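**Student:** Residues per chain are reported as follows:
There are 2 protein chains.
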Amino acid sequence: MENKLKEFRKKFHWSQEELANKLEVSRQSIISIEKGKYTPSLLLAFKIASTFDVKIEDVFIPNNEGRI
Amino acid sequence: MENKLKEFRKKFHWSQEELANKLEVSRQSIISIEKGKYTPSLLLAFKIASTFDVKIEDVFIPNNEGRI
DNA sequence: TCTGTATGTAAAGTAGACTTTACGTAAAGC
DNA sequence: GCTTTACGTAAAGTCTACTTTACATACAGA
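Heads up: the sequence lines are chains H and Z, in that order.
Here the first sequence is numbered in numbering that gives the first Met the number 0, starting from 0 and rising by one per residue.
Here the second sequence is numbered in numbering that gives the first Met the number 0, starting from 0 and rising by one per residue.
Please keep in mind that the hints were generated in silico from the structure rather than gathered at the bench.
Do not take every clue at face value.
In this list, chains with the same sequence are indistinguishable; a pair is considered to hold if it fits within one copy or across any two.
In silico lysine-lysine, DSBU-like type, Cα no more than 30 Å apart, as pairs [stated by the list, open to error]:
#1 Lys36 to Lys9
#2 Lys10 to Lys36
#3 Lys10 to Lys21
#4 Lys54 to Lys5
#5 Lys5 to Lys34
#6 Lys21 to Lys9
#7 Lys34 to Lys9
#8 Lys9 to Lys54
#9 Lys36 to Lys46
#10 Lys54 to Lys10
These figures come from a predicted structure and were not determined experimentally.
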């Protein structure tokens, strides 16, 4: 699962910590998602999309290789 | 997190087992999601949406009360 | 040089998504 | 009555999303 979290965050000029606060998650979660260490839950994905005022599909791109 | 999984499944005239096979998950997962026992992972949500040829937002509706 | 801001790694713990197995029930058809 | 199909519950196990804490690095500015 690829994502454009970092691009969107930069676009809004937010630090990882600011974004974490807005999303009510830890900064570690932001780092891990940006670095592709894991894919967020559906709920967090919804929150991320609405924070950037876009659709989930605009931020997250599922891979062929994507496991369930 | 509300969802319209059952509605879409009925619309396509699929049993829970058929849908589970298409999505490559267990029938238990389908039951649990339909019954609202848990919300699927982002990857599974993507698969569900593409199976019904709609967007994630068409199937899943985040609640106000939604925890992360 | 010291301080603050931003980013990153590592490790251990908790909660929940998902699996497998097994069993229960109700309806439909022979 | 028996079998098949569809739906549901329960319980125990695995994996991973997410947390907290602590430490490291690099850069900017006074």
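**Student:** Look at each hint and say if it fits the structure.
**Tutor:** Tested hints:
1. Taking CA atoms no more than 30 Å apart as the test, Lys36 paired with Lys9 passes inside one copy only; the shortest distance there is 19 Å, against 36 Å between copies.
2. In the homo-oligomer, the alpha carbons of Lys10 and Lys36 lie at most 30 Å apart inside one protomer (22 Å), although the nearest pairing across protomers, at 37 Å, exceeds that limit.
3. In the homo-oligomer, the alpha carbons of Lys10 and Lys21 lie at most 30 Å apart inside one protomer (15 Å), although the nearest pairing across protomers, at 38 Å, exceeds that limit.
4. When the C-alpha separation of Lys54 and Lys5 is checked against a cutoff of 30 Å, the pair qualifies both within a copy, at 16 Å, and between copies, at 23 Å.
5. In this assembly of identical chains, the alpha carbons of Lys5 and Lys34 lie at most 30 Å apart only when taken from the same copy (9 Å versus 35 Å across copies).
6. Proximity of Lys21 to Lys9 under the C-alpha cut-off of 30 Å is restricted to the intra-copy arrangement: shortest distance 15 Å within a copy versus 38 Å between copies.
7. For the homomeric pair Lys34 and Lys9, the shortest alpha-carbon distance inside one copy (15 Å) is at most 30 Å, but the shortest distance between copies (39 Å) is not.
8. With identical chains, the CA atoms of Lys9 and Lys54 are at most 30 Å apart both within one copy (18 Å) and between copies (26 Å).
9. In the homo-oligomer, the alpha carbons of Lys36 and Lys46 lie at most 30 Å apart both inside one protomer (19 Å) and across protomers (20 Å), since each shortest distance falls under that limit.
10. Taking the shortest alpha-carbon separations for Lys54 and Lys10, both the intra-copy value of 16 Å and the inter-copy value of 25 Å come in at or below 30 Å.
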